[in-house]
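Engineer: One letter stands for each residue in the lines below.
Protein chains: 2
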Amino acid sequence: MKIVKLKDFKINDSFEEFYNWLQKDLNQVNKIILESLETDSSLITELSNHIIGSGGKRIRPLLTLATARLCHYSGNRHLTLASVIEFIHTATLLHDDVVDGSKKRRGKKTANFIWGNKSSILVGDFLLSKAFKILINDGSLKCIDIVSNVSEKISFGEVKQLMSIGKLNVSESDYLEIIGFKTAELFSAACQLSSEISEIDFTKKKSLKDFGYFLGIAYQIIDDTLDYFSEEKISGKEIGNDFKENKMTLPLILFFKRGNKKEKNLIQHMVQNKKLNDSDFNWVSEKMKNYDILDDCLQKARHFSIMAKDSLGTFPDNEEKRKLINLVNFLTHRKN
Amino acid sequence: MKIVKLKDFKINDSFEEFYNWLQKDLNQVNKIILESLETDSSLITELSNHIIGSGGKRIRPLLTLATARLCHYSGNRHLTLASVIEFIHTATLLHDDVVDGSKKRRGKKTANFIWGNKSSILVGDFLLSKAFKILINDGSLKCIDIVSNVSEKISFGEVKQLMSIGKLNVSESDYLEIIGFKTAELFSAACQLSSEISEIDFTKKKSLKDFGYFLGIAYQIIDDTLDYFSEEKISGKEIGNDFKENKMTLPLILFFKRGNKKEKNLIQHMVQNKKLNDSDFNWVSEKMKNYDILDDCLQKARHFSIMAKDSLGTFPDNEEKRKLINLVNFLTHRKN
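Those protein sequences? They're chains A and B, same order as listed. Mapping of the first sequence onto this note's numbering: position 255 corresponds to residue 255, and the numbering continues sequentially without gaps. Mapping of the second sequence onto this note's numbering: position 148 corresponds to residue 148, and the numbering continues sequentially without gaps.
It should be emphasised that the hints constitute simulated quantities derived from the structure, not laboratory data. Keep in mind that this is a model prediction, so the values were computed, not measured. Ideal placement from N, C-alpha and C gives every residue a C-beta, glycine not left out. Please note that a few of the clues may not be correct.
To spell it out: a stretch of chain B is covered by chain A in this simulated footprint if at least three of its residues, at any positions, have a beta carbon under 8 Å from a beta carbon of chain A; those stretches are [stated by the list, open to error]:
| # | segment |
| --- | --- |
| 1 | 98 to 105 |
| 2 | 166 to 180 |
| 3 | 197 to 209 |
| 4 | 251 to 258 |
| 5 | 272 to 278 |
| 6 | 290 to 301 |
All chains, full assembly: derive it from the sequences and hints.
Structural biologist: So, in structure tokens, the structure goes:
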């Protein structure tokens with residue numbers, strides 16, 4: 001078995017293929033989103049458009065669209081439900097940026113930086129309420145249940161993450177719990193919604209729930225790993241942010257477990273006593289090389305991505321499944 | 001990183017070293033066990049002695065003894081608590097053999113085969129009650145809580161396993177849940193008991209709890225993998241038992257997910273329509289080679305063993321920690 005290293009990675013067209021496959025559906029979703037944002041309040045419209053239009057990959061709504069195709073769903077409800085998932089995600093981003101005090105997201109100024117924290121918080125709340133309003137209009141209690149559950153879990157995960165800031169002793173199992181709540185549950189919900197509106201059996205529903213969850217875990221591990229090891233030239237985004245914000249993500253957790261006494265003391269001193277800067281980050285990421293941290297993080301992501309792919313084993317081998325498996329490979333081999 | 005293959009494995013002395021290190025303590029534990037079994041009922045004494053003396057590795061009580069040393073515990077309570085863990089484990093084995101209708105365990109006739117199912121069930125219950133009586137005598141409510149929790153979880157895991165028999169669609173996440181309950185929780189409890197009687201902080205207690213849990217998962221994955229891929233000459237035990245009993249363990253779960261339509265149909269037909277025999281097993285284990293199942297199972301066990309080892313990162317590097325890490329390596333590289 002070959003271990004995937006960042007440097008070995010060759011950009012391939014699997015995301016483009018995936019995106020093109022669903023582009024027509026996604027355009028419809030974007031239309032629903034824009035229409036839902038047409039309000040009397042220019043603040044809501046402008047701020048929402050700013051963040052929703054800021055160029056994310058739209059992975060979560062795409063998951064709803066793609067799994068609906070896997071389930072041979074033939075109606076239009078998946079478009080509405082995909083927009084609900086994107087609203088929930090966007091509300092989370094708005095609140096996250098306030099909590100983290102972020103000034104930039106995807107290379108653009110954050111909403112809180114432009115319009116202030118209060119506006120970001122309230123528009124986040126608006127998007128959340130909007131999501132539920134769309135859901136109630138759709139009328140499925142089961143779908144409302146899925147989204148209200150995931151919404152509670154995301155908040156819970158964010159609170160747990162906040163509480164763990166600067167706590168070097170956070171365990172790997174705590175970390176997996178946190179990213180489970182704050183990321184993987186929404187990936188899972190995105191897949192559960194389309195399975196809910198399709199005529200598939202319980203086993204397949206369970207498979208899609210697992211698929212989304214494991215993919216979400218793998219995705220977040222890669223995200224957190226890139227924040228230490230991505231080459232800025234390629235990713236186009238700054239790295240070291242999690243470290244500078246004292247966030248306990250997987251690379252730092254492993255380093256604090258594996259480091260020697262001197263290294264542990266030094267990092268403890270760093271985290272407790274000062275605002276962390278680039279040279280602290282360079283020291284830490286250099287030291288991590290002695291403990292196989294990059295390789296092990298990628299291997300852990302790979303573990304979950306294999307679980308995600310095997311979850312689809314209950315579906316027949318067809319083109320839709322192949323595209324979803326390619327998506328898993330793309331997301332867990334990406335460089336940014 | 002090197003992937004461990006069964007054939008690459010060289011027997012080393014790490015278990016012998018580990019065993020010798022704790023032999024004096026283990027002798028004391030055995031003495032407590034024998035004394036507790038001295039009753040007026042010759043059936044209880046003989047049957048219990050038969051199963052307890054049947055040559056297991058005593059991994060679970062050894063974990064209590066070893067982690068007590070890691071915590072620099074200096075009293076005698078760890079000896080009693082280790083015996084409690086062995087009692088719980090033995091009670092489970094007695095009931096398991098009845099449920100599975102097993103005739104042999106570790107090359108010897110099972111208790112149910114010699115004394116009948118009723119005796120095995122009742123002596124199992126006796127050992128369970130005995131464990132709690134010893135615990136109440138020890139007097140720690142916290143320890144009683146740990147053991148009563150794990151006892152409930154083991155039964156729950158066994159019930160879930162029973163319910164999953166022959167269900168080819170069982171998911172990997174179901175499997176991980178089942179082995180978590182039926183195996184990993186007891187490994188974890190064995191470590192929690194010694195952490196409870198030692199003066200260590202919350203973080204270290206959490207680390208030991210995780211350590212035991214992850215080691216238990218890795219251990220069970222290896223166990224289930226060996227039942228498909230061990231060479232009988234080396235292991236000295238028959239293989240293919242799980243398959244013939246229609247148990248849904250990891251290799252079969254992965255094969256049913258990865259196999260092509262024809263293979264899925266064939267195995268479905270096998271499981272539903274007849275008593276499975278050696279030639280069915282040979283077909284399945286041969287087919288598994290096309291889907292990297294051995295490698296992937298070992299890799300998954302390795303994933304959890306790395307997590308177990310990293311959990312100990314909160315303890316200083318010393319001889320006790322080194323011995324525990326060697327134990328993890330031994331247990332996840334073992335051939336029988």
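Engineer: For this structure, which hints from the list above don't hold up?
Structural biologist: 1, 5
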